[in-house]
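Q: Put together the whole structure using the sequences plus the hints.
Spelled out, the chains give:
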Amino acid sequence: MFEQLAGLLTHLGEKRIAVLHLGGFEIRFDIMTLIMSWIVILLLVGLALLLRKGLKQPVEEKPSRTQAALDGMIDLLKGQLSDNFASERLAARMFPFVSTLFLYVLLSNWLSVVPYLSSPTQNINITFGLALLVFIMSHVLAVRHKGTRKWLKGFLEPYAFMLPINLVGEIAKPLSHAFRLFGNVLAGTFLVTVIMVKFVPIALPPVLNIIFGLFFGAIQAFVFAILAVAYINVAVEE
Amino acid sequence: MLQEAGNAVSGISGADIALAAKYVAAGLCMGIGAIGPAIGEGMAAAHALDGMARQPEMQGALLRTMVLGQAISETTGIYSLLIAIVLLFVV
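Chain order of the listed sequences is A and B. Throughout the first sequence, residue numbering follows this note's numbering, covering 1 to 238 in sequence. Throughout the second sequence, residue numbering follows this note's numbering, covering 1 to 91 in sequence.
Just so you know, not all the hints are guaranteed correct.
As the list claims (entries may be wrong) - Straight-line C-alpha distance at most 20 Å; calculated SDA-like pairs for lysine to any residue:
#	chain 1	residue 1	chain 2	residue 2
1	A	K198	B	I85
2	A	K78	B	Q59
3	A	K78	B	R64
4	A	K78	B	I83
5	A	K173	B	Q59
6	A	K146	A	Y159
7	A	K78	B	M66
8	A	K56	A	I74
9	A	K173	B	I83
10	A	K153	A	L167
11	A	K173	B	G31
What the hints assert, rightly or not - Not everything, but these chain B residues come out facing chain A in the computed CB check (under 10 Å):
#	residue
12	G51
13	V67
14	E74
15	L82
What the hints contain is simulated information worked out from the structure, not anything from laboratory work. Ideal Cβ positions, reconstructed from N, Cα and C, are used throughout, including at glycine.
A: See the structure below:
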């Protein structure tokens, strides 16, 4: 039964691996994940281009409907994310990065609700890539804000012999960041698949799909973004 | 009599026992691993609710911090889920 289920799950994700041989190295591409993440990217870019038309910069007396709706959404996102930054300047600088992460993860999670499509965030490599992005970003910002010397000294706080613990702590951050998103999305897909295949094939799966895909997907995207904010904040802090 | 008992169980091979242990371990892993995050998230929600009842104007900030704290305390649950999946499908 479990082999069957595993086969079905791989079928859901359509694990088609393309292998590229490059001078002795073997590079593997998961085709379906690549296609799904490109769908997300194209959706985001397409929406941005489409919605850009109705916008005008300075705001007129009477804003258009699109502008009012988008302003509301951006304000909501700003209110939730920007308040957590240490300084206004940092918030203004990092808000585009963090909100882009949020939108990408949100759309990725929501993609699994559409039949025949699967979330790219079901693949550990995607979530790990995003987490690494946040990790590198936070440390680059830390070096810029504090200077290399202070940044290196931060690893020796509060005492020099704490260095290994601090290093492990730093490495654990992107790991847990990636595993959290991956595990949550995978668990949702697993549960829906198990119930669809083994128990109730009608009526219940769509409801579960809405709960796990839309609701938990949105919460996890928000958590991912807000943790990115928290990590950047901790790294930049004096 | 011992001989008879031995004959009765001789149909079970080592691989069967390993398989059974795998399923039991995955179940235990998920069951025990879910206790901690459940208690932790419940406590976070309870205290956030206390704070909201006392100061309703702080609701937004409290909700945000609660969700963040719950997500972090959920991590151990996610780890046990991953280990259960590895036990079932990979090992």
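Q: If a hint holds in the structure, say so; if it does not, say that too.
A: To see whether the hints hold, each was checked on the structure:
1. Between K198/A and I85/B, the direct Cα distance comes to roughly 18 Å. Compliance with the 20 Å bound is thereby established for this hinted pair.
2. Proximity of K78/A to Q59/B is assessed by CA-CA distance (about 17 Å); at most 20 Å being required, the pair is judged to hold.
3. Using a Cα cut-off of 20 Å, the hinted pair K78/A and R64/B holds, with the two alpha carbons roughly 13 Å apart.
4. For the hint linking K78/A to I83/B, the alpha-carbon distance of about 37 Å lies beyond 20 Å, and the restraint is violated.
5. Using a Cα cut-off of 20 Å, the hinted pair K173/A and Q59/B is violated, with the two alpha carbons roughly 28 Å apart.
6. Taking the CA atoms of K146/A and Y159/A, the gap is near 19 Å; set against the 20 Å cutoff, the hint holds.
7. Taking the CA atoms of K78/A and M66/B, the gap is near 18 Å; set against the 20 Å cutoff, the hint holds.
8. For the suggested pair K56/A and I74/A, the alpha carbons sit about 15 Å apart, so the restraint of at most 20 Å is met.
9. Taking the CA atoms of K173/A and I83/B, the gap is about 19 Å. The hint holds against a cut of 20 Å.
10. A distance of roughly 12 Å separates the Cα atoms of K153/A and L167/A; the hinted pair therefore holds under the 20 Å criterion.
11. Between K173/A and G31/B the alpha-carbon distance is near 25 Å, which puts this suggested pair outside the 20 Å criterion.
12. Proximity of G51/B to chain A is violated relative to the hint, the smallest CB-CB distance being about 17 Å (cut-off 10 Å).
13. At its closest, the beta carbon of V67/B sits 6 Å from a beta carbon of chain A; the interface hint therefore holds under the 10 Å criterion.
14. Taking 10 Å as the C-beta cut-off, the interface hint given for E74/B holds, the closest approach to chain A being about 7 Å.
15. A distance limit of 10 Å between C-beta atoms decides the matter here; for L82/B the minimum to chain A is near 6 Å, and the interface restraint holds.
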